[in-house]
Amino acid sequence: IQQTIRRYFDDEDSEDVFEGFLNLVIHLDKITTLLAKQYDLSLVITALNAYNDFLIGKPELTQKAQNVEDVDLLTNALKIVSVLKGKHLQLIVKTFHLNDVSMTFAASNMINELLLAEDFVKAIQWMSLLNLRDHYPFEQTVCRLLLLENDESLKLFVGEAEYRHKKLLKKLDELVGLHMRHRNGVDEYENRLIADHKRIVKLAIKYAKKYKTPDSDIANVMIQRAYDALLYNHFCWKDGKHSWVHFEELALPPLSQSEFIREKYFNFLLDKGLGDKALYFAHLLKLPESQYPRRLAYFMETIQPNEIDSIRESITKNLEIRKRNQEIEQEFDCSLDDGTPIILVDSLESLDDVIEVLRNGGEKLLGIDAEWRPHYLAADEKISLIQIATSKVVYIIDVLRLEVELELTEDEWINFFDALFCTPNVKKIGYDFINDIRVLKSTFSFMSQLFLKSNNIICLYKLFDCSRS
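Each residue of the sequence shown is one higher than the one before, starting from 43 at the first, in this note's numbering.
Worth flagging that the hints you see were computed from the coordinates, not collected in a lab. Ideal Cβ positions, reconstructed from N, Cα and C, are used throughout, including at glycine. Be aware that one or more of the hints could be misleading.
Ranges of calculated distance between the beta carbons of each label pair, as one might list FRET restraints [as the list claims (entries may be wrong)]:
| # | residue 1 | residue 2 | range |
| --- | --- | --- | --- |
| 1 | 233 | 339 | 51 to 57 Å |
| 2 | 339 | 453 | 57 to 63 Å |
| 3 | 204 | 477 | 15 to 21 Å |
| 4 | 233 | 53 | 56 to 62 Å |
| 5 | 350 | 231 | 16 to 22 Å |
| 6 | 177 | 332 | 41 to 47 Å |
| 7 | 105 | 69 | 24 to 30 Å |
Let's have the full structure, built from the sequences with the hints guiding it.
Pasting the structure below:
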């Protein structure tokens, strides 16, 4: 068959050979499909390869795109070859001169046909290969790819251009904002994404980290994330997993952060018959009554004055207890109940002392835990503290101060983490090490390589989980 096809090209006039190739592609597509009774492009691929073999040594046919008077002929042939597997795409580009400016219209028509057939994966491959992304509506294409949950095609469509990174995050943030305000999108596709707002929030955070985007560029996402975390902690308090004091500490940052969060959460409390708690937070935040949400202001008008006084007294009492506890803590050395000292490490000299203990202190067992800013307050999580428990002392490593204020070098950090995680014959125990390691890698780019050398790490959470199963 290949020899017959090659003779067909040899017998054609050079001016007509490209048009003959296009006709051959169309007829072979029809014939093969009829004979095989299924869609089969094997002979089309044979024709494509044979035509390219024929072109070897014929520069007059390969230097520029060939003129074709019958536009439909070119369009139909491109429609057929456009769905071939990825390994054939470069050959198609070369054969049809699709990178030539004169072929942009034909290439765009080819991609449009793929979009009409809802073959978004192949359409995005062509957009990327031919650098035609900006010829298509960005927001509409992004929404379709989000609905398909095809991350690879989405990344390929957005590409490496910073302005498209910003457009993607702007769209994700806009969708979350529409959910927050109970508004509809411009079409059914946007409405389906708005209903799936939790996935959109996760995607926005993922891409904000990847593109190193400031939190201010995804303001709606950060507010929604903070509100979701607030509700989660609320139910932990209701289920007895958090004390009221602990919940109060967790609730104050998001409530202080956003008027939207305050109004939505206060209304939630009122719906649950917990108006006194809403009023408690309003007083604790020292909000002027003129700034109370409408429903909370109405609730305040309906309750007895002595109930308001009781709420104020409760706040005053709790604040006094906290202040007294802080004073008591300052009067004593910081230590555990058994007298084990707790040492804050916030200088290079004190960090060197810790490294010496880790390498040569004879420790057989270390307890390790890491702390970072709550995820709902920042998209890019960064380690702030590392706690290391030895047999004689507990060290609190102030990572934030050492990294930001003292600007430790990468080599100095590697020296510390190598002593912590890579020292042989020392077991390192943590509760949820996988989570700690994830944020350590997010904070320090070199940690991925360093963890390849780590040893004797035991994750208690994973151990318990395996024992249960």
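Each hint, compared with the structure:
no.: 1; hint: 233 x 339: 51 to 57 Å; result: violated, 33 Å
no.: 2; hint: 339 x 453: 57 to 63 Å; result: holds, 58 Å
no.: 3; hint: 204 x 477: 15 to 21 Å; result: violated, 31 Å
no.: 4; hint: 233 x 53: 56 to 62 Å; result: holds, 58 Å
no.: 5; hint: 350 x 231: 16 to 22 Å; result: violated, 49 Å
no.: 6; hint: 177 x 332: 41 to 47 Å; result: violated, 52 Å
no.: 7; hint: 105 x 69: 24 to 30 Å; result: holds, 27 Å
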